[in-house]
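Engineer: What follows is the residue order along each chain.
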Amino acid sequence: MAPDLNKKLEDEVEKYRQTQNDMKKFVTQQQQLFVTKTENEFVKQEFENLDSDATVYKLVGPVLVKQELSEGKETVEKRLVYCEGELKRLATLMKDTEKKLEIHREVIAKIQQQIASNK
Amino acid sequence: MSAATASASSEQQPAGLSMAQVEQVRTQLQSDIEMLQSSIQRLQYAQEGFGESMLAVSRLPTNNQDNSLLVPLSSSMYVPGRLSDPDHVLVDIGTGFFVEMRPKKAQDYFKRKHDYLQVEIDKLQKVLYDKLLTRQQITGIIQMHLQQQQQQQQK
Chain A
1 MAPDLNKKLE
11 DEVEKYRQTQ
21 NDMKKFVTQQ
31 QQLFVTKTEN
41 EFVKQEFENL
51 DSDATVYKLV
61 GPVLVKQELS
71 EGKETVEKRL
81 VYCEGELKRL
91 ATLMKDTEKK
101 LEIHREVIAK
111 IQQQIASNK
Chain B
1 MSAATASASS
11 EQQPAGLSMA
21 QVEQVRTQLQ
31 SDIEMLQSSI
41 QRLQYAQEGF
51 GESMLAVSRL
61 PTNNQDNSLL
71 VPLSSSMYVP
81 GRLSDPDHVL
91 VDIGTGFFVE
101 MRPKKAQDYF
111 KRKHDYLQVE
121 IDKLQKVLYD
131 KLLTRQQITG
141 IIQMHLQQQQ
151 QQQQK
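In order, the protein sequence lines correspond to chains A and B.
Okay, so the first sequence: first residue is 1 according to the UniProt record's numbering, each after it adds one.
Okay, so the second sequence: first residue is 1 according to the UniProt record's numbering, each after it adds one.
Bound conformation, chain B alone (with noise of 0.2 Å):
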């Protein structure tokens, strides 16, 4: 690795780095990159999450409607049963907290930590795009430096 190192820090980029630095930055990119792709990933299985939420208390009957269910009692027991308040639902609001709503004021919450969400993940994929252009970059570089060692060497 010293040996390389010696050889390479001699062959100055135009940019002024070494090649050993241009690598370094390259495997940084690249745990960068990761680390976005996976925080995309995650907040998006979230988004999914409340999407399906607004989706279930959109399908809730309303007081008119036949409000028959059958409930879980174990994976493979259910019992008949009604839904006994349609006009109420829990929400879970983080840390522990849940909130008595009506079923429209809980949609528009789920709507709003959905589109909330959706903000974030597209902040977080404007950087990555960023990201990624740069590290094309960079393979570029290194790939015209092996050319360049190449050549020399069949001089």
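Bound-form chain A, shown alone (with noise of 0.2 Å):
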């Protein structure tokens, strides 16, 4: 019986290391996401404080492309949004990963308690 339970136990914890992982790399995700989005608020503020004829240039590879103020407006609004979806995404993505760590970390508990209680 104990063997049994302590290859139960070692199923179980190598499970919980996994999802540690999982749940560090959306934690890395985010903190990215979040980089992302403030970088493009500054950028959609500068926006604001110019003037309609202002000149714009855009990054494509090592070439400057002048671009309208108004498209640079729509591509930064449209980076926000995306940011702002993938940040929603993980979020809920977390939550299910945090109640799955928190499920592992019972049935260890009481795969311990057995084991302990069988001796």
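None of these hints come from the bench; they were simulated from the model.
Glycine included, C-beta positions come from ideal geometry on N, C-alpha and C.
Careful: at least some of the hints might be erroneous.
Far from chain B, some chain A residues (derived; all Cβ distances over 12 Å) [unchecked claim]: (1) Leu5; (2) Asn6; (3) Asp22; (4) Phe26; (5) Thr28; (6) Gln30.
Covered stretches of chain A (in silico footprint by chain B; criterion: 3 or more residues with CB under 8 Å from a CB of chain B, positions within the stretch not fixed) [to be verified]: (7) 34-45; (8) 55-67.
Assembly of the complex is requested from the two constituent chains, each provided in isolation within its own frame, with the hints serving as guidance.
Structural biologist: Now the structure itself:
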């Protein structure tokens, strides 16, 4: 009986570690998104302060391409919407992963109790 | 480790935390402090960049002055040239966008960024200061506890 339980414990701990790794990845993604979102918000602010005939250039690879201010504003707005969508998606994903981690912890605790009471 | 935890948890601190927990809090605080310090450093570095840009723009010659300069073609070769349009500068405002501005507006932009960063740095420094204080208090609690343990062992 004991060896089976020990194996079960090992399996559960392994699953827990994997879920933790997933969580870490999500946290990194979330941080990246925050940075991108903030940067784009800065650019949006700067655009608001410009006159409509201001000259705007966009860096596309090694080339600076002249753009209309309205085009630039649109691009930035689209990026912001994308970032917010991704952040929401990640938030839900992270909540679910947190619940999974909690379930893993409970299972591990139960198995440990069984092992202790069998001795 | 488990033996130390067993004996530590039997000696509860006045605050209700066991020594192991206090130690955990201290470790967490330490890593928070290090993260804050590194963030503040990075912000200061970025702020310096804006300060330098502001200075560089202020040094640009106007149309009435001599605006000849040396243009680097490689790390060891320069060619003489002239600044063709000292009235406009291209400013990188982030995410791949550049805006043509008058030097005065560019300086205002850099000053705004510089000041904004200062506000953020100040916020972080306040948090850092509070954490440093807390860490001091916790170190004091740990030392007191160690002293108590020593006294008990001497009995």
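Engineer: Taking the hints in turn, state whether each one holds.
Structural biologist: Comparing the hints with the structure gives:
1. Its beta-carbon lying about 20 Å from the closest one in chain B, leucine 5(A) satisfies the requirement of being farther than 12 Å from that chain.
2. No Cβ of chain B approaches the Cβ of asparagine 6(A) within 12 Å, the least distance being about 19 Å, so the stated non-interface status holds.
3. For aspartate 22(A), the non-interface assignment is confirmed: its Cβ lies about 22 Å from the closest Cβ of chain B, beyond the 12 Å cut-off.
4. Interface exclusion of phenylalanine 26(A) from chain B stands, the closest Cβ pair being 19 Å apart, more than 12 Å.
5. For threonine 28(A), the non-interface assignment is confirmed: its Cβ lies about 15 Å from the closest Cβ of chain B, beyond the 12 Å cut-off.
6. Annotated as non-interface, glutamine 30(A) keeps its C-beta farther than 12 Å from every C-beta of chain B; the closest such distance is 16 Å.
7. Taking a C-beta to C-beta cut-off of 8 Å, the region 34-45 of chain A contributes 5 residues in contact with chain B, enough for the three needed, and the coverage statement holds.
8. Requiring three or more residues with a Cβ within less than 8 Å of a Cβ of chain B, the coverage given for the region 55-67 of chain A holds, as 7 such residues are present.
In summary, the structure agrees with every hint in the numbered list given earlier.
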